[in-house]
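Could you put together the complete structure from these sequences and hints?
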Amino acid sequence: MPPRTTFFIRLMIFSTLIGTLPLLFLGIYSFFQSTSAVQTKVNEANVFILQQSQSRVEQILKVIDQVTGRYAESPLVVNSVSQRLEIGDFQNIDQLVKGLLGVQTYELGVKDTELHSLQQGWYIKDGGFYFGPDLTKKPILLNTAYNSRWVPEQDGAFQGIKLLKTIPAQAAEPKGYLSVRVSNTELAKLLTGGFSSRETMIIDDQLNVIVHSNAERIGGSIAGEPWLEPLRNTPETHGYFSSTLLGKPYSVIYMHSRYNNWTYVSVIPLEEARKESASIGWATLTACVLLLLFTALLSYWGSKRMYFPVRSLMEVTMRHSKPTGGSTAAKDELQWIGTQFTSLHQSKEQLEGQMKMQSGQLFDYFMLKLFQGELHRSELEEKTSRYQLPVWRHYAVLVLQIDTLDQTRYQASEQDLLLFAINNIASELIEPPRRLHAMPIGNYQVSLVGSDAEHHMELLGEFSSLAESAQRSVDQYLGLKVSVGISRPFEQMYATPQAFLEAKEALQYRIRLGEKAILHLDDLKPRQASGHYYPHHLVSELTQAIAFLDRDKADELLRQFIQEVLRVETDPNLYRMSFAMLLTDLARVIYDAGDTGEMFIRDHGNEYEQLLSLKTPQQIEIWFKHQIIYPMMDLARKRHESSGKSISRSVMDLIHEHYDSDLTLEQCAQRLNYSTHYIRRIFRKETGMNFSDYLAGYRHDMAKSWLSGSDMKITEIAEKLQYTNAQNFIRQFRKLEGMTPGQYREQQRA
6 MPPRTTFFIR LMIFSTLIGT LPLLFLGIYS FFQSTSAVQT KVNEANVFIL QQSQSRVEQI
66 LKVIDQVTGR YAESPLVVNS VSQRLEIGDF QNIDQLVKGL LGVQTYELGV KDTELHSLQQ
126 GWYIKDGGFY FGPDLTKKPI LLNTAYNSRW VPEQDGAFQG IKLLKTIPAQ AAEPKGYLSV
186 RVSNTELAKL LTGGFSSRET MIIDDQLNVI VHSNAERIGG SIAGEPWLEP LRNTPETHGY
246 FSSTLLGKPY SVIYMHSRYN NWTYVSVIPL EEARKESASI GWATLTACVL LLLFTALLSY
306 WGSKRMYFPV RSLMEVTMRH SKPTGGSTAA KDELQWIGTQ FTSLHQSKEQ LEGQMKMQSG
366 QLFDYFMLKL FQGELHRSEL EEKTSRYQLP VWRHYAVLVL QIDTLDQTRY QASEQDLLLF
426 AINNIASELI EPPRRLHAMP IGNYQVSLVG SDAEHHMELL GEFSSLAESA QRSVDQYLGL
486 KVSVGISRPF EQMYATPQAF LEAKEALQYR IRLGEKAILH LDDLKPRQAS GHYYPHHLVS
546 ELTQAIAFLD RDKADELLRQ FIQEVLRVET DPNLYRMSFA MLLTDLARVI YDAGDTGEMF
606 IRDHGNEYEQ LLSLKTPQQI EIWFKHQIIY PMMDLARKRH ESSGKSISRS VMDLIHEHYD
666 SDLTLEQCAQ RLNYSTHYIR RIFRKETGMN FSDYLAGYRH DMAKSWLSGS DMKITEIAEK
726 LQYTNAQNFI RQFRKLEGMT PGQYREQQRA
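The opening residue of the sequence shown carries number 6 in the working numbering; numbering runs sequentially from there.
These are calculated hints, taken from the structure and not from any lab test. Predicted model, so just to flag it, every value in this text is computed and none were measured. Each residue gets a CB set at the ideal place from its N, CA and C atoms; glycine is no exception. Among the hints, erroneous ones may be present.
[To be verified] List of simulated lysine-lysine pairs, DSS-like, C-alpha gap at most 30 Å:
{"id": "1", "residue 1": "Lys690", "residue 2": "Lys709"}
{"id": "2", "residue 1": "Lys509", "residue 2": "Lys630"}
{"id": "3", "residue 1": "Lys558", "residue 2": "Lys630"}
{"id": "4", "residue 1": "Lys167", "residue 2": "Lys103"}
{"id": "5", "residue 1": "Lys116", "residue 2": "Lys194"}
{"id": "6", "residue 1": "Lys630", "residue 2": "Lys690"}
{"id": "7", "residue 1": "Lys130", "residue 2": "Lys194"}
{"id": "8", "residue 1": "Lys521", "residue 2": "Lys630"}
{"id": "9", "residue 1": "Lys740", "residue 2": "Lys718"}
{"id": "10", "residue 1": "Lys167", "residue 2": "Lys180"}
{"id": "11", "residue 1": "Lys67", "residue 2": "Lys130"}
{"id": "12", "residue 1": "Lys103", "residue 2": "Lys180"}
{"id": "13", "residue 1": "Lys353", "residue 2": "Lys388"}
{"id": "14", "residue 1": "Lys116", "residue 2": "Lys67"}
{"id": "15", "residue 1": "Lys558", "residue 2": "Lys521"}
{"id": "16", "residue 1": "Lys486", "residue 2": "Lys521"}
{"id": "17", "residue 1": "Lys486", "residue 2": "Lys630"}
{"id": "18", "residue 1": "Lys709", "residue 2": "Lys725"}
{"id": "19", "residue 1": "Lys167", "residue 2": "Lys67"}
{"id": "20", "residue 1": "Lys180", "residue 2": "Lys130"}
{"id": "21", "residue 1": "Lys130", "residue 2": "Lys103"}
[To be verified] Ranges between beta-carbon positions, derived for each pair:
{"id": "22", "residue 1": "Arg477", "residue 2": "Arg686", "range": "46 to 54 Å"}
{"id": "23", "residue 1": "Gly137", "residue 2": "Val83", "range": "18 to 26 Å"}
{"id": "24", "residue 1": "Arg398", "residue 2": "Glu354", "range": "36 to 44 Å"}
{"id": "25", "residue 1": "Pro240", "residue 2": "Leu212", "range": "13 to 21 Å"}
{"id": "26", "residue 1": "Leu579", "residue 2": "Asp639", "range": "25 to 33 Å"}
{"id": "27", "residue 1": "Asp457", "residue 2": "Lys353", "range": "35 to 43 Å"}
{"id": "28", "residue 1": "Asp658", "residue 2": "Asn611", "range": "39 to 47 Å"}
{"id": "29", "residue 1": "Asp639", "residue 2": "Asn611", "range": "19 to 27 Å"}
{"id": "30", "residue 1": "Asn611", "residue 2": "Asp576", "range": "20 to 28 Å"}
{"id": "31", "residue 1": "His705", "residue 2": "Arg754", "range": "14 to 22 Å"}
Laid out in structure tokens, this is it:
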């Protein structure tokens with residue numbers, strides 16, 4: 006028996022955790038998000054403050070630049086710096102001093118202003134007019150590239166920035182210059198006003214500190230600062246980033262200015278922002294604790310409510326369960342209930358599996374009876390409704406059959422497996438509902454398909470496309486050549502058996518069209534079948550070529566015979582009748598030669614059954630060659646080789662008997678019933694000479710015999726030996742004997 010409250014405890018713990026963990030994660034996430042948001046807002050505020058400080062500083066400097074520029078470009082100043090002023094020019098000097106004092110306004114923070122005449126050697130400083138160079142300062146090298154630009158200046162008495170204005174402006178050789186200086190103290194007041202950061206500074210393009218909130222840092226370099234590298238690499242003109250200084254985190258606020266190419270920087274410790282976010286953390290923690298307590302109470306109450314149906318269901322299963330010996334005890338209530346339901350589900354699946362398997366077998370049996378025509382029309386309608394077969398406007402039966410297994414990697418014993426593989430390919434290519442069913446029957450793969458096309462040519466196109474796709478896939482995946490027979494389209498399901506017979510009948514026409522054919526019965530079956538045709542003359546020539554051992558001639562005649570038979574459009578059974586008659590004629594030749602036992606007992610098979618099982622012209626031609634014609638030639642060749650010397654003797658006997666006639670090798674071959682090529686080869690092999698040489702030699706011997714032992718005239722001898730005239734005979738005799746026939750006769754009789 007399972008424990009009574011195990012699942013309840015687990016459910017309460019789980020519901021508590023599922024309510025607690027999200028709160029914890031949410032609180033932690035909220036704290037860090039708020040801290041990050043506070044830091045972001047602080048940084049954005051500091052960026053704004055730094056931007057305001059930059060605006061104040063640059064506004065003052067630009068005002069000074071403008072005021073100084075107007076004074077330096079005034080006609081009085083431009084004309085005066087090129088004149089040598091004397092005491093008598095006190096009015097011009099007074100105007101220059103007053104104008105210079107007007108530039109030096111303490112509201113703008115201007116510390117010192119000077120006007121120098123380089124050509125005339127006088128200068129105005131601190132309200133006084135002086136002759137000669139100012140010995141208290143280093144000589145100034147004027148560069149028009151730096152005209153109207155603020156540059157740092159540090160000496161013992163002054164620290165700040167200086168602005169030089171050449172007079173005239175942009176002159177290649179200035180006549181004088183105006184100098185304005187602003188102290189760092191004044192700039193620091195402008196920079197730090199209202200700013201809450203710890204360090205604020207202005208840096209020039211040489212990384213030197215121009216202005217700093219800490220006066221001791223003015224004039225120094227920031228080359229050793231840890232935040233210098235990120236500042237250099239940032240592509241933005243303003244912003245902020247985090248850095249570490251002396252082990253403490255800092256936020257660096259920066260602002261790049263196009264005015265004098267300066268950079269405004271504020272370094273702010275992060276502790277300030279973290280102090281502000283501490284209150285947010287305590288508020289978040291308090292809210293989380295309160296929510297956790299509420300979640301725990303809600304979990305207990307909800308778990309108790311949800312556990313009640315589980316408890317009731319467990320008690321029901323315990324009352325109706327049967328005790329099983331040796332079973333493992335359940336860990337909790339749900340496992341106990343699951344075990345009971347699993348047992349029930351397994352029983353249900355077993356029952357459904359058996360029903361499904363039987364249903365599939367029943368459907369296959371129904372389709373098999375449909376194809377074979379064993380269903381009544383009423384039974385067909387009832388089964389069609391039960392199996393919910395799709396309804397189409399037209400139907401057709403497609404029958405696939407393997408053309409041949411020769412020259413493939415398969416054996417004949419594997420044909421059933423190949424049919425199942427072909428059936429699977431056809432089932433995948435032709436998907437329901439177009440495919441009503443596909444199954445192997447005998448050595449065929451049969452598919453019943455449907456279509457809603459109206460026109461006959463459109464129907465044939467659809468069915469041909471399906472057949473081509475199946476044919477191509479079988480060749481691709483199995484490496485087999487198959488042909489497809491397609492029945493006539495029909496409209497009613499009860500016509501399926503007749504369509505099956507039509508598709509099989511269409512396949513019979515492979516005997517004329519060859520392998521990998523797609524056959525429509527309407528396109529193949531002639532409207533009026535021709536009579537049986539059997540080319541007797543080709544059979545006679547074929548038997549003669551076999552007797553003469555002329556393989557090339559026999560192959561050509563066999564091919565002509567098959568083409569002549571298939572040329573006539575007729576019933577495929579008449580084609581097979583012609584091939585069976587050819588087999589009968591060749592068997593008669595074998596029988597007459599006395600070799601039937603060796604030919605037909607060799608394979609212990611029925612040649613007629615083999616012939617009738619062939620499907621294509623190629624198979625028929627190969628079968629006749631290798632099963633009948635070539636073995637016949639081999640038997641004849643064995644007979645000839647065993648009696649090779651008698652053939653040569655027979656040829657010589659014919660020469661001895663008919664030397665006085667127009668005898669040729671072809672005539673000898675015809676009389677001996679062998680091929681001319683074979684007799685020529687055997688005669689030369691056995692006698693060492695050609696037929697014509699032997700015949701000419703024998704005739705010459707007979708001529709010598711008649712000349713020496715008879716009174717026959719030379720003309721009579723020449724005519725008897727088949728010479729066209731006596732002169733040819735005399736010329737040939739002289740060539741062989743070195744004398745004329747008359748001289749030979751006189752020599753023999755002397």
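The hints, checked one at a time:
1. Lys690 with Lys709: With Cα atoms ~28 Å apart, Lys690 and Lys709 stay inside 30 Å; holds.
2. Lys509 with Lys630: holds (28 Å)
3. Lys558 with Lys630: holds (12 Å)
4. Lys167 with Lys103: With a Cα-Cα distance of about 21 Å, the restraint between Lys167 and Lys103 holds, given a limit of 30 Å.
5. Lys116 with Lys194: holds (14 Å)
6. Lys630 with Lys690: holds (28 Å)
7. Lys130 with Lys194: Given that 30 Å is the threshold and the Cα spacing comes to 26 Å, the pair holds.
8. Lys521 with Lys630: holds (22 Å)
9. Lys740 with Lys718: holds (20 Å)
10. Lys167 with Lys180: holds (19 Å)
11. Lys67 with Lys130: holds (22 Å)
12. Lys103 with Lys180: At roughly 21 Å apart (the allowed maximum being 30 Å), Lys180 and Lys103 satisfy the hint.
13. Lys353 with Lys388: holds (26 Å)
14. Lys116 with Lys67: holds (16 Å)
15. Lys558 with Lys521: holds (29 Å)
16. Lys486 with Lys521: holds (6 Å)
17. Lys486 with Lys630: holds (22 Å)
18. Lys709 with Lys725: holds (13 Å)
19. Lys167 with Lys67: Given that 30 Å is the threshold and the Cα spacing comes to 13 Å, the pair holds.
20. Lys180 with Lys130: holds (17 Å)
21. Lys130 with Lys103: holds (11 Å)
22. Arg477 with Arg686: 46 to 54 Å: Cβ of Arg477 to Cβ of Arg686: about 50 Å, so the range 46 to 54 Å holds.
23. Gly137 with Val83: 18 to 26 Å: holds (22 Å)
24. Arg398 with Glu354: 36 to 44 Å: holds (40 Å)
25. Pro240 with Leu212: 13 to 21 Å: The hint (13 to 21 Å, Cβ to Cβ) holds, given that Pro240 and Leu212 are roughly 19 Å apart.
26. Leu579 with Asp639: 25 to 33 Å: Given about 32 Å between the Cβ atoms, the range holds.
27. Asp457 with Lys353: 35 to 43 Å: The hinted range 35 to 43 Å holds for Asp457 and Lys353, with Cβ atoms some 40 Å apart.
28. Asp658 with Asn611: 39 to 47 Å: The hint (39 to 47 Å, Cβ to Cβ) holds, given that Asp658 and Asn611 are roughly 43 Å apart.
29. Asp639 with Asn611: 19 to 27 Å: holds (21 Å)
30. Asn611 with Asp576: 20 to 28 Å: Because 23 Å falls inside the window, the suggested range holds.
31. His705 with Arg754: 14 to 22 Å: holds (19 Å)
The structure meets every hint from the earlier list without exception.
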